[in-house]
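Participant: Top to bottom, those sequences are chains A and S.
First residue of the first sequence? That's -7 in my numbering, and the numbers climb one at a time after it.
First residue of the second sequence? That's 3 in my numbering, and the numbers climb one at a time after it.
Everything labelled a hint here was simulated from the structure, so no lab data went into it.
Treat the hints with care, as some may be off.
Not everything, but these chain A residues come out facing chain S in the computed CB check (under 8 Å) [said to hold, decoys possible]: (1) 6; (2) 8; (3) 32; (4) 97; (5) 186.
Over the 12 Å line for every Cβ pair with chain S, so calculated as not near, a few chain A residues [as the list claims (entries may be wrong)]: (6) 0; (7) 7; (8) 29; (9) 31; (10) 34; (11) 142; (12) 155; (13) 180; (14) 205; (15) 230; (16) 234; (17) 238; (18) 239; (19) 254.
A virtual CB, placed ideally from N, CA and C, is assigned to each residue, including glycine.
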Amino acid sequence: MRAFIPNYQLTTPASLADALTLLKNEPGVWKPFAGGTDLMVLLEAGKLGHRNYINIWGLHELRGIEATDTHITLGALTTYTEVQANPILRREFPMLCQAASETGGLAIQNRGTLGGNIVNASPAADSPPALLVYDAEIELVSTRGSRWLPYQGFHTGYKEMHIEPDELLARIRMPRNTADITHYYRKVGTRKAQAISKVCFAAVGKTDDGQIADTRIAVGSVAPIVLRCVQTENTLRGQKLDDATIQTACDTLVREISPIDDIRSTAKYRLQVAKNLLVDFLATIRA
Amino acid sequence: MSQTVNFTVNGEARGVEVFPMARLLDVLREQLQLTGTKEGCGEGECGACTVIIDGQIVNSCLVPMAQVDGAQITTIEGVANGDDLHAVQQAFIEHGGAQCGICTPGMVLAAVDLLKRNPQPTENDIRNGLAGNLCRCTGYMKIFESVVRACQK
């Protein structure tokens, strides 16, 4: 059943400071509302349980992409369209651009935000696997100040995360250390455009004289959270990239992820596809 | 509580008294009687409700009114210049780009937006530009062909 619209509040603060004050004064009462591409779907379906939202879409403090020699920092309201248009991201963080280009169609990409994708905390979100592999950090702000934390570990369970009721995700930053590394991103869905993923796989790696010098791997849609596959990485790092190593990595990945049957796919299919993508990634860095 | 939201639709300044979470789609159709914008899925999958806000296509079913205060909006009613149809509209007529018509306003706006950003799109650019618009009649090739022809004008 459709939602009864008058039941919902969507207040527009004049500044970030005003938004943070509201979050502090009435903790738990207000939640942020960014591009609306997830929340409005729930609203129409009558499944938007929370009633009071702060419209942060117009807060310029949460926009913009800035680069230093060592990092690139994105405002939480950076849209998928803005991600794809940024020359540094295209050159150095191609998986994030690819994830952005494969999230919904253009109308969604114009409205959906990177910060929203993180805080909405869908295990099937497309940009988090790339952000995890790129060692992203996130900044949470409140009237108490600001804190940066690694994105890895931010999500603790299905739709659960390390954020206090008075905090807002403000920025995302990634170290610019991706030179000479192979980027591998594959989203597997029902159709090429618009689909929600059945499995999403992001990884970077490089080999040195046949040995795996470095690798980072993350997967979506195969666990309650988007998962950085630390154990799988550990079986690979420093190893000779041969059939035995690949087999060990696949066996570890299967233990590390926990896919389920749902409307989009089955646990069995997801497990097989995740293994296939790992093998394909390793073949890519071996080449 | 309802509030006044002011914005521009097809070049005309409008002010409406609405609830902030009301969908732009509903306000366009029911309060402004701009029924060219269609509702398909109501969840951002089909593109039937596509409109242009500040130069970018959006799904109007996913935009709450609080986010359009001060915005410039173009709907399908604002694409033609009086009786002069846009090249995309003319091409849809000449090349059979519309069947039942429900997806057509969204398809046309997505194509108008694409040609504005990229006047000489490749076939792949056209497919990407229309990827968020579904046609239940499955008349995709005629739609695609219409957009190709519109680029050649």
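Participant: Which of the numbered hints above does this structure break?
Facilitator: 1, 2, 6, 8, 9 and 10
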